[in-house]
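Enquirer: Residue numbers (the working numbering), protein chains in the order written: chain C, 1 to 101; chain Y, 1 to 289.
Treat the hints as calculated values from the structure; they're not laboratory data. All figures in this text were calculated on a predicted structure; none of them were measured in a lab. Cβ atoms here follow ideal geometry from the backbone N, Cα and C, with glycine treated the same way. One or more hints might be untrue.
What the hints assert, rightly or not - Partial list, computed: chain C residues near chain Y (C-beta under 10 Å): (1) Thr3; (2) Ala19; (3) Lys20; (4) Val32; (5) Lys41; (6) Phe64; (7) Lys95.
Unchecked claim - Taking CB as the label site, the calculated pair distances span: (8) C/Trp94 - Y/Leu244: 29 to 35 Å; (9) C/Asp65 - Y/Leu115: 19 to 25 Å; (10) Y/Glu169 - C/Thr80: 40 to 46 Å; (11) Y/Gly42 - C/Phe14: 32 to 38 Å; (12) Y/Asn279 - C/Asp2: 19 to 25 Å; (13) C/Glu98 - Y/Glu93: 49 to 55 Å; (14) Y/Ser58 - C/Lys4: 51 to 57 Å; (15) Y/Gln81 - C/Thr80: 49 to 55 Å; (16) C/Phe14 - Y/Gly224: 14 to 20 Å; (17) Y/Lys260 - C/Phe14: 39 to 45 Å; (18) C/Lys69 - Y/Thr209: 22 to 28 Å; (19) C/Pro67 - Y/Gln81: 25 to 31 Å; (20) Y/Gly42 - C/Asp2: 15 to 21 Å.
Claimed, not checked - So these bits of chain C aren't anywhere near chain Y, every CB distance computed over 12 Å: (21) Phe53; (22) Thr57; (23) Arg72; (24) Glu81; (25) Thr84.
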Amino acid sequence: MDTKKLIKDAKARFSHNSAKAYLKEKYSSKLVIAEQGGLWKADAQTIGFLNSFSDETLVVIDTFDNPVKVDRKQLLNSLTETYTNIMTEWNSEWKGLERKR
Amino acid sequence: MERIRKKKIKSRGVLLFAFNSSKYNYAQMAVYTARRIEAFLGLPTTLVTDVESLKTISPDLKSFDKIIEVTPDTSNIREQQTWFNKGRFQAYEHSPYKETLVLDVDYLVNSDILLKTFDLSDTFCCHKNTHMLMHPDAAQEKMSAYSYDTLWATVIMFKKSKRAKQIFETLEMVQENYDHYANIHSFVGGIYRNDYGLTIALKIVNGHTDVPSDYIPWSLVHVGKNTSVYPDQTDLQIPCDGNLFDYNTEFTIMFDHWKKSKVRKEYMTIKDMDFHVMNKELFVGIMNG
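Same shape as in the complex, but just chain C:
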């Protein structure tokens, strides 16, 4: 299907609000990872929290509200890597959609 022609013929307007919400849904799900017996979201809060300690092991509340004893550095590395990769993808797709009218 020639969707470009379809959009032009329908005089459709790009919905930036819906696109922004779609991107948030899509990439939020990708930020979730399971590790060391817990489920984690690779977000700024969790990464910042793990970074603020120097202990080797730490008990952290996971996404399911369970207190999980973790190897702090290992979890921090995994979350940082996930965060960096996913946020880069998110930014790149968002930039592409931003240009649409």
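Please build the complex by placing chain Y on the supplied structure of chain C, with the hints as guidance.
Expert: Same frame as chain C, but now just chain Y:
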């Protein structure tokens, strides 16, 4: 020495239920979904269906790992047509896998995100929250004003376990006493909905509390009312093997925004994201490119 042949139990797979109605060929939808499952999740699919539906997909049986023929329950009537959606509780006994994903055939697999569900729980999980494409602020559906938020049976992951078995047995009990539960929860009975059945069953098993690990921590994406989906490219069959496809994962979503009796067309594009198509005609349109 006597050799004991161990029965090979496949660890992971997907289970689809498909019974053709007078209006739609659900078995054909299942073929398409099974191929996408193979392409994106790399998992085998077992189809639960009836003889009549099976006849309509005889050239495509290779798309399935296993086919289970059952006699469908025809007692659910919607818009003067039989809606073959009862019997989902049989997923536990029918699944040949230790870890199973049960999907609706109109769920469009576009990524490998569902593989994550196997890491979420040792027993069972399903969607609690939904996101409506082009309606980002849409409220979560409730069974009624006096009841729970609806859980969704569109995607269910379960692992063979006592607890998962209990959930499906409770689902059977709720299905058999659906009007009673409709009365208690103040929703309109008569037409059985798996989503409602699942919501009630899971709440009963959990003693009417919430167990966070029962819920997939991202939203089920729906294509709702006044919304159309157009594939940006057609699925390409790879010439070397008739069963291999290069599937399109980019779609244009078009929405009719009604305001003061006037319609304004809005659109957006999505890629690599799974979504559930409520409108079966839309799903058939996607299937046919």
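Enquirer: So, for every hint listed, does it hold in this structure?
Expert: Hints versus structure:
Hint status for C/Thr3 relative to chain Y: holds, with the closest Cβ pair at about 4 Å, below 10 Å. Checking C/Ala19 against chain Y: minimum C-beta separation of about 4 Å stays under 10 Å; hint holds. About 8 Å separates the beta-carbon of C/Lys20 from the nearest beta-carbon of chain Y, less than 10 Å, and the hint is met. Hint status for C/Val32: holds, given a least beta-carbon distance of 5 Å to chain Y, under 10 Å.
A distance limit of 10 Å between C-beta atoms decides the matter here; for C/Lys41 the minimum to chain Y is near 8 Å, and the interface restraint holds. Here the hint on C/Phe64 is kept, as its CB sits about 4 Å from the closest CB of chain Y, short of 10 Å. A hinted interface residue such as C/Lys95 counts as satisfied when its beta carbon comes closer than 10 Å to some beta carbon of chain Y; here the least separation is about 13 Å, so the hint is violated. C/Trp94 and Y/Leu244 have their C-beta atoms about 32 Å apart, which keeps the hinted 29 to 35 Å range intact.
The hinted window of 19 to 25 Å between C/Asp65 and Y/Leu115 holds, with their beta carbons roughly 24 Å apart. Checked against the hint of 40 to 46 Å, the pair Y/Glu169 and C/Thr80 passes, with Cβ atoms roughly 44 Å apart. Between Y/Gly42 and C/Phe14 the beta carbon distance is about 35 Å. The supplied range of 32 to 38 Å therefore holds. For Y/Asn279 and C/Asp2, the Cβ-Cβ distance of about 22 Å falls inside the hinted range of 19 to 25 Å, so the restraint holds.
At roughly 50 Å, the beta-carbon separation of C/Glu98 and Y/Glu93 lies within the given 49 to 55 Å, and the hint holds. One distance hint, 51 to 57 Å for the beta-carbon pair Y/Ser58 and C/Lys4, is violated here, with the actual separation near 38 Å. Evaluation of the 49 to 55 Å hint for Y/Gln81 and C/Thr80 yields a pass: the beta carbon distance comes to about 53 Å. Distance hint check: the CB atoms of C/Phe14 and Y/Gly224 are about 19 Å apart, consistent with the given range 14 to 20 Å.
Separated by about 22 Å at the C-beta atoms, Y/Lys260 and C/Phe14 break the suggested range of 39 to 45 Å. Restraint check, C/Lys69 to Y/Thr209: a C-beta distance of roughly 25 Å satisfies the suggested window 22 to 28 Å. Against the hinted window of 25 to 31 Å, the Cβ-Cβ separation of C/Pro67 and Y/Gln81 comes to about 51 Å, which falls outside the hint. Between Y/Gly42 and C/Asp2 the beta carbon distance is about 32 Å. The supplied range of 15 to 21 Å is therefore violated.
For C/Phe53, the condition that its CB be more than 12 Å from all CB atoms of chain Y holds, with the nearest at approximately 24 Å. Every beta carbon of chain Y lies more than 12 Å from that of C/Thr57, the smallest distance being close to 21 Å; the non-interface claim holds. Every beta carbon of chain Y lies more than 12 Å from that of C/Arg72, the smallest distance being close to 20 Å; the non-interface claim holds. At roughly 16 Å from the closest C-beta of chain Y, the C-beta of C/Glu81 stays outside 12 Å, upholding its exclusion from the interface.
The claim that C/Thr84 lies off the interface holds: its Cβ sits roughly 19 Å from the closest Cβ of chain Y, which is beyond the 12 Å cut-off.
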